[in-house]
Amino acid sequence: MATILPGGARLGRGTELLALLPALALSFFAYAQVALAVEGQLPAQMGLQCGGFTLLAVAFHLVLRWRAPYADPVILPVTVALNGIGLAMIYRLALRYEQLGRDPGSIIASKQMIWTVLGVSAAALTVFFLRDHRLLRRVTFLSGLLGLIGLIAPFLPLIGRSINGARIWVRIGPLSIQPAEVSKILFVVFFAGYLVTRRDTMALAGPKILGLRLPRLRDFGPILVAWLSSLGILVFERDLGTSLLLFGLFVVMLYVATNRPSWIILGLGLFAGGVAAAYRLFPHVQDRVQVWLHPFDNALYDRPLGGSGQLVTGLFGLAEGGLFGTGWGHGRPDLTPLAYSDFIFTALGEELGLTGSVAILLLYLILVERGFRTAIGTRDGFGKLLAAGLAFTLAFQLFIVTGGVTRLIPLTGLVTPFLAYGGSALLMNWVVVGLLLRISDGARRPPPATSEIDLAAVAAQLAKSQAAAGSSSSSSPSSSSGPSSSSSPSPGFSQDGLSTEAVARP
Amino acid sequence: MGELSVSLLRLSYLVFLWLFVLAALMTLRRDVYGTTIRRRGNGRRPAATSRGRSRVPVPAEMAVGPVVALPQPGLPTPLGPAASSGLTPPHGQAAPGRANPTRLIVRSGPLRGTTLPLARSPIVIGRSSTANLVLDDEFVSGRHAQIVPRQGGWVLEDLGSTNGTFLGRERVTVPRELTVGQSVRIGNTTLEVAR
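Line by line, the protein sequences give chains A and B.
For the first sequence, my numbering gives the first residue as 1, with consecutive numbering after it.
For the second sequence, my numbering gives the first residue as 1001, with consecutive numbering after it.
Here chain A stands alone, though its shape is the one from the complex:
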């Protein structure tokens, strides 16, 4: 016979610190191997950089200890490991680009390091200042509005910029940022807040056709807006990835909120319609599909723009890596264009092999699982939707870009979370981690005990408030704290040593 006990609340901060050490060591080991393989010696500033990265991670850990002691212990180490591995690969490519004198040169490594510092700080600040994720519910519509502004910001005069043919940038001073990355999080907040109030009508009302409960037309509005806005991104910004991500996010959050498969079916139907229309209308979409279907076609491979050269080189890299990879610094991932951003997964696959890339995918799986586990564990509907939406954002980004570079789906440009080069994305993904940690703190915190009322504490409160009332009514504050005012609490409570606090106060 056994007794079944619910899993007790564990802080897990010790586990987190313990797991941070191998996570950091993974990054440093990779860094050292890269330097040894490419330069033949360890870089002079390695100690400084590793120390800085360690300090950063431990500082975040301390912030968690202080402000979110019940937060999930696995999220931070896994994220640190992914970010560290990404940094090592970007450093590795930067060294190579520097040797060859090719664009973008060694600047990418130092830039990514700065963005890592900013990202971790942003996550720590999120945890620090956002004491309760439910506060975000108050800014539901504001964040929806800001999200939309973020999407159209690249088209505004003066600040909008077009880089590499995609008009998704905003330039503020020396910084170029992609506001769509911020919009991603804002839309998750908006949809969580919107759906948590509407989900009942969305789930229950509406006609039933062929065993599917269809939503009413007016409940249909938001998904239509989402579909139109993601189509707008596709048409005007030529950004397939973000458009797909936003639409997928909306459909999934609707499904999570209502538990109605009809939303998924409707979403897929709308998606199919949109894709079919886009395929007919836009040549760049046709190119992507052709490249996906016939990458080894000679004409396509040799085409300088919109050809399959990049994709195929990436696949060659994966093939070169084989089961165990070439080892850090021994491959030629630099042959693939944009190996530091969109194609970082094939670069890692080349140097770490199938074994290493599966391990990296597993790290993502763990991270996303923690996000969904947080969604299950948290007690409020808003938090559930928020955590599920954020976890899905990470998972879907990874799916789109990894599926793209491995030729599972047509290639669309998106950032591999934490690994790939890209400042705004790294920053915002760290904020996602900060939010997940904040929600998980609420989810894992044991509920306040309600069965037993601490009568002593209540008495203390009463005594205090009465003492305060007495002191405020008396003429001068300095003379108020004598025994005369503390004797005023009700006789029932004056016995149990609690009013002594009021007496002792000089």
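Incorrect hints may have been included.
Claimed, not checked - Examples of chain B residues lying across from chain A (beta carbon under 8 Å, computed):
| id | residue |
| --- | --- |
| 1 | Tyr1013 |
| 2 | Leu1014 |
| 3 | Phe1139 |
Unchecked claim - Listing some non-contacts, in silico: residues in chain B with all C-beta distances to chain A over 12 Å:
| id | residue |
| --- | --- |
| 4 | Ala1023 |
| 5 | Ala1024 |
| 6 | Asn1100 |
| 7 | Arg1127 |
| 8 | Glu1138 |
| 9 | Arg1150 |
| 10 | Gly1152 |
In short, the hints are calculated from the structure, not lab data.
Think of the CB as a built atom: it goes at the ideal place given N, C-alpha and C, for glycine as much as any other residue.
The hints should help you fit chain B onto chain A, whose structure is shown.
Just chain B now, with coordinates in the frame of chain A:
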């Protein structure tokens, strides 16, 4: 660098990476199983009530443990297999009835497996959501019975329930003191008083 050291570095990195993944998974193991199932042993507790439905095998020495009569002759013999299979005294001494009950274990019914600590405050059992132990059962009244601390021990009191509260086989009409090992039946739920 030699070929060998390159290979060693390469493979050691992969091993390290996988060890990290496995370590992360190990810390999640507890989450996957959710609840801990603690085997009750040490011969301190009475043998199982619903042994037939239990998935954990009962150790032989517990199942055939010596049957000990309850210390208070005035109290009725508790009902159910828990009572009929008797109590296993700890190391053959210190009759179990003398110890103060510290918790209630739900032995059968919808909440089977739940333990309820007997701390300081009274415990109200009933169907109403304001009860401390909410039993979703048609045969249970809103506020069915309560267990209150009195003079170091715990007293079971029926709160005018429709279908009655049973201590052992006997319906509770006046407040009755609880001793370790007794079983309380309310509707379809059997509670065991445990130490």
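Hint by hint, here is what the structure shows:
1. Tyr1013: holds, 6 Å
2. Leu1014: Check passed: Cβ of B:Leu1014 comes within 5 Å of chain A, closer than 8 Å.
3. Phe1139: Interface hint status for B:Phe1139: violated (24 Å vs cutoff 8 Å).
4. Ala1023: The assertion about B:Ala1023 is violated, with a minimum of 6 Å to chain A.
5. Ala1024: violated, 5 Å
6. Asn1100: The claim stands: B:Asn1100 keeps its Cβ more than 12 Å from every Cβ of chain A (closest is about 18 Å).
7. Arg1127: holds, 17 Å
8. Glu1138: Given that every Cβ of chain A is farther than 12 Å from that of B:Glu1138, nearest at about 25 Å, it holds.
9. Arg1150: Given a closest Cβ separation of 17 Å, the condition holds.
10. Gly1152: holds, 18 Å
Of the hints listed earlier, those the structure fails to meet are numbers 3, 4 and 5, in rising order.
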